[in-house]
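Residue numbering for the sequence shown follows this note's numbering, starting at 1 and increasing by one per position.
Worth flagging that the hints you see were computed from the coordinates, not collected in a lab. For clarity, every value in this text was computed on a predicted model and none was experimentally measured. For each residue, glycine too, the CB sits at the ideal point set by N, CA and C. Warning: the hint list may mix true and false statements.
[Said to hold, decoys possible] Computed beta-carbon distance windows for the label pairs: (1) Asp54 with Lys260: 32 to 38 Å; (2) Gln62 with Val198: 32 to 38 Å; (3) Arg157 with Gly233: 42 to 48 Å; (4) Ala196 with Asn87: 32 to 38 Å; (5) Gly212 with Ser16: 34 to 40 Å; (6) Glu169 with Asp46: 48 to 54 Å; (7) Arg38 with Asn87: 48 to 54 Å; (8) Val178 with Asn112: 15 to 21 Å; (9) Ser47 with Ala196: 41 to 47 Å; (10) Leu24 with Asn87: 43 to 49 Å; (11) Gln58 with Glu262: 46 to 52 Å.
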Amino acid sequence: MTVRQALSRAVEILTSAGIETPYLEAELLLRHTLKQDRVDFYLQLDSELSPEQDDEFQGYVQRRLNNEPTAYITGHREFYGLDFIVNRDVLIPRPESELLVDKTLEIARSRNLASIADIGTGCGAIAISLAVNLPKTEIYATDISPAALKMAHYNCRRHKVADRVNLLEGDLLGPLQVPVDIIIANLPYVREPELAGVNSNGFEPVMALDGGVDGLEKVRQLCVQAGDKLHPGGYLLMEIGQGQGEEVSALLSGLYPSGKVELTPDLSGIKRVVKMQLRF
1 MTVRQALSRA VEILTSAGIE TPYLEAELLL RHTLKQDRVD FYLQLDSELS
51 PEQDDEFQGY VQRRLNNEPT AYITGHREFY GLDFIVNRDV LIPRPESELL
101 VDKTLEIARS RNLASIADIG TGCGAIAISL AVNLPKTEIY ATDISPAALK
151 MAHYNCRRHK VADRVNLLEG DLLGPLQVPV DIIIANLPYV REPELAGVNS
201 NGFEPVMALD GGVDGLEKVR QLCVQAGDKL HPGGYLLMEI GQGQGEEVSA
251 LLSGLYPSGK VELTPDLSGI KRVVKMQLRF
């Protein structure tokens, strides 16, 4: 069987199973089997798969049919143009979180800010994306999970930013010992009643998704803590879920009456990032 035929067969199987992006996922699984980048893969579509390669590929497809995310099968996920190693100790980075990176880079570059803290860093995708794009900025990255920090450390070394991303173990802003110019966070914001649907595959760490009854338990805690860990004129940016924008904005306005609060929608029109700037 050729690579092309194996790809076509897998696309049909994944399509029949209701997988949303069957071609992309089949390609990723087959490239993982062959250990090829995208260019080599498409140059060799008519080459033959060995029986061992075919068996391995079919095993990966079956795992996907069992609802295991492709990122966990391959151990890789692309985010902000970079490749990150992931496993079941960390949440798989989502494309919508790139908006948080965009907004942070916009602020940091316009004001030449020197320090950023990424709270709940997971695999380190956001912190590392910022470090790669802001070579003169000091980055702090906290997480309550030692296993997640181990993965973040691996990714920091992989992207050669381990000397500028300071990994700190602890809950929210607890381990951060110095004030910073920007605090960013993609905290758990899924409401408990919706948790089963969001994590229907059962593979992702619940702790990284569960935001409590209304999804804002950790968000509230961070909002309260942020004022003491920001420099005057500093910024707090958070990714939030659908329908949470107005409540989080009201919370921040109540805690910091002189602060300036803004909401930024994602490409789907969902108010995805909340930004607050403290008064100088």
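Now the hints, each set against the structure:
| no. | hint | result |
| --- | --- | --- |
| 1 | Asp54 with Lys260: 32 to 38 Å | 58 Å, violated |
| 2 | Gln62 with Val198: 32 to 38 Å | 24 Å, violated |
| 3 | Arg157 with Gly233: 42 to 48 Å | 33 Å, violated |
| 4 | Ala196 with Asn87: 32 to 38 Å | 22 Å, violated |
| 5 | Gly212 with Ser16: 34 to 40 Å | 38 Å, holds |
| 6 | Glu169 with Asp46: 48 to 54 Å | 50 Å, holds |
| 7 | Arg38 with Asn87: 48 to 54 Å | 23 Å, violated |
| 8 | Val178 with Asn112: 15 to 21 Å | 18 Å, holds |
| 9 | Ser47 with Ala196: 41 to 47 Å | 43 Å, holds |
| 10 | Leu24 with Asn87: 43 to 49 Å | 21 Å, violated |
| 11 | Gln58 with Glu262: 46 to 52 Å | 49 Å, holds |
Against the hints set out earlier in the document, violations occur for numbers 1, 2, 3, 4, 7, 10.
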